[in-house]
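Student: Letter by letter, the chains look like this.
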Amino acid sequence: MAESGPLIGIDLGTTNSLVATVQDGQPLIIKNRTGAPLTPSVVAVSKNGKRLVGGIAKRQAITNPQETVSAAKRLIGRKFSSHPVQDAMRALTYQVVCGAHDDVRIRLAGRDLAVPEVSAMILAELKADAEAHFGRPVTQAVITVPAYFNDGQRQATKDAGRIAGLEVLRIINEPTAAALAYGFGRTVNGKIAVLDLGGGTFDVSVLEINNGIFDVVATGGDTFLGGEDWDHRIIEWMVFGFAKEHGIDLRKDRMALQRLKDAAEKAKVELSSVKETQVHLPFICTPPGGGAALHLQATLTREKLEDLTADLGERLVGITSEVLGEAKVRPSELKEVILVGGMSRMPRIVEQVRQYFRREPCKGVHAEEVVALGAAIQAHALVAQESELLLLDVTPQSMGVAIAGGYVRRLIPRNTTVPTSATEVFATSKDFQRTVKIMVLQGEHELAHHNELLGEFLLTGLREAPRGQVEIEVTFDINAEGIVSVSARDRDTGLRQSITVTASSGLTEDELRRIMEEQRDWLVTARASEELKTRRVELDILARDLVDALSRVRLLPGAGGLSPDVVARAEQALDHARQVRGGEDVGALTRACEALSQSLPQLRAASPRGTPGR
Amino acid sequence: MNTLRARQLVEAGLLLRLSGDIPGAEKLFVRALELDPANARARQLLTPGGGSTAPVNIAAPDMEGDWGAWADASSPGPAEPLPESVNLPEGTGTPGDALDLIAEAHRTQEFGLPESYAGMGPLPQGSEVECLLKGAEDLLTLDDHSGAVDLLRRAQSLAPEDPRVEALRDRSERILVAMLEARLGDLDRMPRVRLQPDDIIWLNLDHRAGFVLAQIDGAVSFDDLFALSGMSRLDTARILAQLLDEGIIAPGGSPVSTRGG
Chain A
1 MAESGPLIGI DLGTTNSLVA TVQDGQPLII KNRTGAPLTP SVVAVSKNGK
51 RLVGGIAKRQ AITNPQETVS AAKRLIGRKF SSHPVQDAMR ALTYQVVCGA
101 HDDVRIRLAG RDLAVPEVSA MILAELKADA EAHFGRPVTQ AVITVPAYFN
151 DGQRQATKDA GRIAGLEVLR IINEPTAAAL AYGFGRTVNG KIAVLDLGGG
201 TFDVSVLEIN NGIFDVVATG GDTFLGGEDW DHRIIEWMVF GFAKEHGIDL
251 RKDRMALQRL KDAAEKAKVE LSSVKETQVH LPFICTPPGG GAALHLQATL
301 TREKLEDLTA DLGERLVGIT SEVLGEAKVR PSELKEVILV GGMSRMPRIV
351 EQVRQYFRRE PCKGVHAEEV VALGAAIQAH ALVAQESELL LLDVTPQSMG
401 VAIAGGYVRR LIPRNTTVPT SATEVFATSK DFQRTVKIMV LQGEHELAHH
451 NELLGEFLLT GLREAPRGQV EIEVTFDINA EGIVSVSARD RDTGLRQSIT
501 VTASSGLTED ELRRIMEEQR DWLVTARASE ELKTRRVELD ILARDLVDAL
551 SRVRLLPGAG GLSPDVVARA EQALDHARQV RGGEDVGALT RACEALSQSL
601 PQLRAASPRG TPGR
Chain B
615 MNTLRARQLV EAGLLLRLSG DIPGAEKLFV RALELDPANA RARQLLTPGG
665 GSTAPVNIAA PDMEGDWGAW ADASSPGPAE PLPESVNLPE GTGTPGDALD
715 LIAEAHRTQE FGLPESYAGM GPLPQGSEVE CLLKGAEDLL TLDDHSGAVD
765 LLRRAQSLAP EDPRVEALRD RSERILVAML EARLGDLDRM PRVRLQPDDI
815 IWLNLDHRAG FVLAQIDGAV SFDDLFALSG MSRLDTARIL AQLLDEGIIA
865 PGGSPVSTRG G
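Taken in sequence, the protein lines are chains A and B. For the first sequence, position 312 matches number 312 in our numbering, and the numbering has no gaps at all. For the second sequence, position 168 matches number 782 in our numbering, and the numbering has no gaps at all.
The shape of chain B in the complex, shown without the other chains:
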C-alpha cells in the first residue's frame, strides 16, 4: 500500500512542479521516499535537475478568478499524461486520516468543517482525482497548505461536482487564507513599496503580482487591496505574502481613520 501511495505522491508532486510549486513538489517526493525508500523515481526527482520533464513556469501558481486573456492561455491543461501516471486498484488509501492530523495541528485557526463533509463516502479509487486528493492530504500533513490547495484546485477542475474535493479545498483554503493573513498582520495597515521602479523590473513576478504591486501606494490598506485586486481573497493574500516575504513591500502604518462604508 505504501508503494502505491508513494507513486500517487510522486504523480501529485509532478503536477505541483509543473504548476511552479517546486518546494511543494519536493515535499511530496520526500514523503514518497519515506513511504517507499525503493521508489527510484522519487529519488531521481529529488536530485538537482532530476527528472525534469518540462520547463518550470516561474510565475505564480494557477490562480482562481483570473480572467486575464494570457492567463487563460497559459494555464496548464489537464490532458497531458504524466510519465509516472498510475491507476490504483479499488479500495486503496485511507481517506480522512490526514484531515484528523490537520484538525489537530490547526485547531486554533480552523473553526468547523462544512456539515456535509462528515457523511461523505470515499472517492472512486484509481482516478487522477484520487491521486491529487491523496497528494493534497499528504501535503496538508506536511503543513504545505499552498501546495495542497493547488492540487485540490486541479482536482476540482477534473471533478467539479465532487463534494469531498470541494469540502477539503474549502477547508484548506480557509486555513491557508488565515495563515497568509497572519503573515500580513493587521489588515488595516497600508503597505508601501520598498524598491525603486528601476529595481522592480528585475523582479520575478507575473502580471497578477504586477497588478497588485501597482496598486500599492502607501494609501491603500491590505484590506482595500483584497477589494480592488479583482482576485479571490486567497490569490490576493498569496501575492501579498509573497511580496512581503521577498522584501518588495513593507507593511506600513495604520490609517488614522477608516474609509468608505
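If we strip away everything but chain A, and leave its shape as in the complex, we get:
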C-alpha cells in the first residue's frame, strides 16, 4: 500500500461515535471541534433548515423530534420488512419508509434518505474533526461494526464511508478492536469476553485469540439496553419529585424534558466519580396559571441511582450469563474481561461484572474510547504492515445452502479468511427429482428461515432417478473483494448453474454515485451559503453604521463641512447595498461592503465646526 495521508479509526456507534489515530506510535482520540471526545451519532435538520450533526443535533432532539435522526445504526443495511427494523420503528421519533429494494429510507426535511447517507453525515463530521486535527485532508479509515453485523450491514457501512469521502480500508468487529487496543493480539492466547454497554445497546462477545487471530466465538446482547435506560430512570425520579412538590408533570413540556434529559446524563456521568451530585434547573417551567417560573433543585446520590437502576444491572448479568451459556464458555475459562462503553465506568456495574466473572475487568484505557483506539491501531498496522497486528479479512457469518427439512448445511464457517473456496456434494431428496433449488444463506442458525437469504437459483434437467442417486456438487467461492460465487453442477450430466452474490447495502451503484454527487454539491453549497451569510452580516453592520453617520451629518451645520459628493456617494452606496443584499452573489455583496467601508470614514470625518476633522 502506498504511503498516504493520515489514517483514522472510527467507532461508528449507535449513540456516540469517536475518531482516533496513531501518532508517534501512540493511539490517541481526536477530539471534536467542541473539544469533546464523543460525537453523538445524531443528525438533524433544525426548524430553520440548517443541517446539524453531533452534539448540537442531540441538544435539540426533544424539541425537534420529527427532524432528528438518532440510532440510525439500528437500521443500516437491513431490509425494511425485517423484524429488527419493525421493532426499531416502534421507538423512533422520525419517519422511516420503505425504499425501492425493501431497503430503509429515513424521511428528513421532506427528503427520503438512505440510511448510509445519514451515517455518512456522522462520518463526514468525524472526518472533518480529524482534518482539523491534522490540518490536511483525511481520506482513509478503518471503521468498526458489531460482531453480529452481516455482509449487507458491513457493505452499507462501507457505502456510508464512501459517501463521506472516505476509503474504508477495512471493516473490523468492535470487540476485536477493543482487544487490539489492549494489545491482546500480542499478549493473550485464549478466550476473552468483551462487554460493551453503550448508550443504546449492550453487546456481549466472546473472542478466541490464537497467535494474533481473533475468532468471534459467541456474540449476543440486547439491542435495546444502554446508558439511556439509566438516564430515563433519573428523569423519572426528577419528574416525580417535581410533581410531588409542585403538582406539575414536566414530561408534558418538551423544553423541560430536553433539559431533564441533559441533566440526567450529566448527573449519571458525575456519579461515576463522586458520591452525590446537584441537579439544578432554574426556570424549568411556568406554572399553568402563570406567575414566576419554577426551579428544579435536587440532590442525587450514587446510592439512590443504584437503587433506581438495580434491575438494569441485573439484566446485564443475566444477558452475559445467557451468551456465555449458549457459547458453552464458563466464566473461569476466560483469560480477560474487557468493559467497553462509557456506562461501564459506573462503579456498580464494575462491581457486578467483578462478582460474576470473579476477576477484575480490564482497566487502563478509557472504556468509551477503546474501540476507536483499536480501529486506529488496525489502520496504522495496515499501512505499516505490522503483520502480527494485521487482522485478516474474514467472513463475518457462516455461509451455506438450505437442505431438506428446512435446515442449513454450512460450507464456509464464519471467520474464514478470504479468499476461500469450499465444495460439497449433495444428493436429490425426492424420487425422480428433475429440479433442485439452491438457496444461498448467511447466518448461524440451524433453521434456514432464520438466516439471511443472499440469493437463489434453480438447477434443472437432472437425470430421473430414485432419491439420493443424483449427485450435485455445490461450490462456494469468495474472492478477496468479498464477492461470493455459488455454483451447482450435476455430476452425471455436467449441467451447471451459478449465481454471484455481492453484499448489498440496499443501494445500487448508480444510487450511490448520485448520492455522492449530491453530497459534493451540498458541501459546495454549504460553503457558499456560509460565505453569503458572513457577507450579509458584514453588510448589515456597515449599513447601520453608515445610516447613523449620515443622520449625524445631516444634523450638522453645512453637513459638517463635507462636500455634497461625499454624502451622495454614501447614499448611493446604501442604495446599492439594499439592492444586492437579498441576492445570492457573494461578489456583489463584497463590493457593496467595500463601497460602504469607503464612505464610512469620510462621513465620520465631518466636523461640528463645519470643516472636516481628522
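Don't read these hints as lab results, they were simulated from the structure. Where hints are given, some of them may not hold.
Derived lysine to any residue pairs resembling SDA-like cross-links, with alpha carbons at most 20 Å apart [as the list claims (entries may be wrong)]:
(1) A:Lys266 to A:Thr301
(2) A:Lys261 to B:Gln829
(3) A:Lys533 to B:Glu787
(4) A:Lys533 to B:Gln829
(5) A:Lys533 to B:Asp831
(6) A:Lys47 to B:Asp802
(7) A:Lys533 to B:Met793
(8) A:Lys533 to B:Arg797
(9) A:Lys50 to B:Asp802
(10) A:Lys437 to A:Ser498
(11) A:Lys261 to B:Asp831
(12) A:Lys50 to A:Ser529
(13) A:Lys50 to B:Ser835
(14) A:Lys31 to B:Glu787
(15) A:Lys79 to A:Lys363
(16) A:Lys533 to B:Ala792
(17) A:Lys437 to A:Thr475
(18) A:Lys437 to A:Gly405
(19) A:Lys266 to B:Ala833
(20) A:Lys266 to B:Ala792
(21) A:Lys31 to B:Asp831
(22) A:Lys47 to B:Ala792
(23) A:Lys261 to A:His280
(24) A:Lys437 to A:Ser487
(25) A:Lys266 to B:Met793
(26) A:Lys533 to B:Ala796
(27) A:Lys261 to A:Lys304
(28) A:Lys437 to A:Ile499
(29) A:Lys31 to B:Gly832
(30) A:Lys533 to B:Leu798
(31) A:Lys261 to A:Val96
(32) A:Lys79 to A:Val96
(33) A:Lys50 to B:Arg803
(34) A:Lys533 to B:Pro811
(35) A:Lys266 to A:Pro37
(36) A:Lys266 to B:Gly832
(37) A:Lys363 to A:Glu351
(38) A:Lys261 to B:Ala833
(39) A:Lys266 to B:Ala796
All figures in this text were calculated on a predicted structure; none of them were measured in a lab.
Got chain A; can you put chain B on it based on the hints?
Tutor: Then chain B, alone, in the frame of chain A:
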C-alpha cells in the same frame, strides 16, 4: 378622527400591557394623548399604577411556536372584553400611512415587501383586528417593532386569513429580527453566561428564556442557539437580546472553525 384613533390606540395599549409589554403600551398611550389631549383614559393609564385592570404578567410576551404545556394554558385568551372597547364606523383610519414612514426609516434593513401586499384593500373597519392593526402601525411609527409584532400576532390569531395582517406582521417581524440580530452582533460568536448559578435563580425569566439560558455554555454560537431553541427565529432573538441587554450573558468569542454542515 383623531379621537377615534386615540381610543383605538388606548385599546391596543391595554392589550400590550396585558401581554407584559409595559413600555410598548406606554408609547401607545402617549401617542393617544398626542392625538387627543382630552383622552382621560390615556392620561389615567399613564399615571403610575393608573387603570390597572389585571395583574401584569412579568414573563416574556406571547411567543410563537411554543408547545410548552404551561405556556398554552397561560397565554391570554381573546375573549376578555376590554374596558375601553370601541366600535369604529366604516371608513375610518388611513391604512398604509405608517408603512410609508417605516419604509423610509428602515430602508437599509427592509428589503422589499411581499408583492401581494400592494394591491390589498382596506380591512373591514370597526373590528378588534382593525384596532390592533392601527395600534401596530402607530407603534411602528414609534419604532416599537416588538410591541407591533405582539399586536399583529394577536390580530392574526383573530383574523388568520387576513392577508394585510399577515403581510404587515411578516414585514415587521423581518425588521424586528434584523434589529435584534444586530444587537447580538456576529452570530458566529459563542455567548457565555456571566452570572453564577446562585445568582441566576433571582432573575426574572420565563421558562423559555430559562431554556435558552440553559443551552448557553460558551461552546454554542448564537446561530446554533437559533437552531436548538425549538422556537421561531424572532422569539429566540428576542430572548437572546434580552439576556444580553440585562447583562446575563456576554457575547463571547468566535469559534476557530465552524461546525456541522
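Student: Run through the hints listed earlier and report the numbers of any the structure violates, in increasing order.
Tutor: 4, 5, 14, 15, 20, 25, 31, 34 and 39
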